[in-house]
Structures are given as structure tokens and as C-alpha cells.
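Using the working numbering, the first residue of the sequence shown is number 1, and each one after it goes up by one.
If you are wondering where the hints come from, they were derived from the structure by calculation, not from laboratory data.
Ideal placement from N, C-alpha and C gives every residue a C-beta, glycine not left out.
Be careful, since some hints might not be right.
[Stated by the list, open to error] The following label-pair restraints were derived from C-beta to C-beta distances: (1) 24 <-> 84: 40 to 50 Å; (2) 68 <-> 108: 19 to 29 Å; (3) 134 <-> 107: 28 to 38 Å; (4) 83 <-> 41: 49 to 59 Å; (5) 117 <-> 95: 22 to 32 Å.
[Said to hold, decoys possible] Straight line, CA to CA, 30 Å or less: simulated DSS-like cross-link-like pairs of lysine-lysine: (6) 135 <-> 121; (7) 43 <-> 64; (8) 134 <-> 121.
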Amino acid sequence: MKIRSRPLLLVLGLAGSQLLARADVELFVAPNGSDANAGSREKPFATLEAARDAIRSLKREQGKLPAGGVTVWILGGDHLRTRTFELTAQDSGLPSAPIVYRAQPGETVRLLGGRPLSGFKPVTDAAVLERLDKKARG
1 MKIRSRPLLL
11 VLGLAGSQLL
21 ARADVELFVA
31 PNGSDANAGS
41 REKPFATLEA
51 ARDAIRSLKR
61 EQGKLPAGGV
71 TVWILGGDHL
81 RTRTFELTAQ
91 DSGLPSAPIV
101 YRAQPGETVR
111 LLGGRPLSGF
121 KPVTDAAVLE
131 RLDKKARG
């Protein structure tokens with residue numbers, strides 16, 4: 001089965017026509033980033049949670065979102081997920097100040113919830129093979 005990757009676009013509190021508006025604040029998330037970073041293009045966050053929390057802090061400190069809203073650019077690569085990315089009402093934007101999570105144009109973003117496994121070998125131990133169903137013995 002072939003799985004196609006698609007750019008991630010998550011829009012909160014946004015009228016469709018405002019997708020093209022430029023955000024006043026841009027944050028960046030990259031597989032090789034660090035949540036200790038500032039979330040800039042040069043020093044991106046590692047997780048969506050860090051970007052979400054930075055937006056929450058911005059709203060708390062300023063009392064509102066900037067007029068043009070916030071865009072979180074998710075840079076290309078495999079973003080390994082170990083838990084669900086939770087957004088609540090406090091993470092909503094407004095029609096005039098949307099919060100948008102989207103893939104960097106021209107880059108392939110994959111949010112992966114599993115881990116690659118390797119090191120498998122055929123079972124050769126006779127005692128173990130005996131316990132397996134005949135169809136599974138190969």
C-alpha cells in the first residue's frame with residue numbers, strides 16, 4: 001500500500017479568504033529544531049507543542065493575538081510524534097487574527113506516530129517454532 005504525504009494545513013478560527021493574508025508573527029518547527037530555541041526560521045522549535053505554547057504565551061502577554069495572526073511553518077522532514085497534539089479553545093484564532101499551522105511550501109512534511117523497527121530475524125529455535133501455528137512457521 002502506498003501512502004501519499006500531503007502538506008499539513010490546520011486552520012483555527014479562520015475565514016477561508018484570509019488564508020492568503022500574511023501573518024504578523026511566524027514561528028517555525030523542524031525535525032532538527034530544539035524546543036529551547038526561539039522558533040525562528042534560523043532556530044526553529046522541535047515540536048508543535050512548543051509553537052502552540054509560544055502562541056499561548058504571546059496571547060497571555062499581549063492580551064490578544066497580533067492583528068495579522070500567527071502562522072506556524074512546519075518545515076520538511078519526518079516529525080516523530082509520541083502523543084496526540086492537543087488544541088483547545090485557548091488555541092483558537094479570530095477571523096482578523098488567525099492561527100494557521102501549515103507545511104513550508106515545496107517541502108514534504110510527515111507527522112509519524114510510529115517508530116521504525118529493525119533487527120528482525122527468522123525464528124530458528126525448534127522449541128519456539130513448535131509453538132507457532134504451522135502457517136506462521138514459514
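Verification of the hints:
1. Take residue 24 and residue 84: their Cβ atoms lie about 29 Å apart, and the range 40 to 50 Å is violated.
2. The hinted range of 19 to 29 Å is satisfied by residue 68 and residue 108, whose Cβ atoms lie roughly 27 Å apart.
3. Restraint check, residue 134 to residue 107: a C-beta distance of roughly 48 Å breaks the suggested window 28 to 38 Å.
4. At about 26 Å, the beta-carbon gap between residue 83 and residue 41 misses the expected band of 49 to 59 Å.
5. Roughly 45 Å separates the CB atoms of residue 117 and residue 95, a value that falls outside the hinted 22 to 32 Å.
6. In summary, the hint linking residue 135 to residue 121 is supported, as the alpha carbons are separated by about 17 Å, within the 30 Å threshold.
7. A C-alpha spacing of about 25 Å is found between residue 43 and residue 64, which places the hinted pair at or below 30 Å, so the restraint holds.
8. Annotation: proposed proximity of residue 134 to residue 121 holds, straight-line Cα distance about 18 Å (limit 30 Å).
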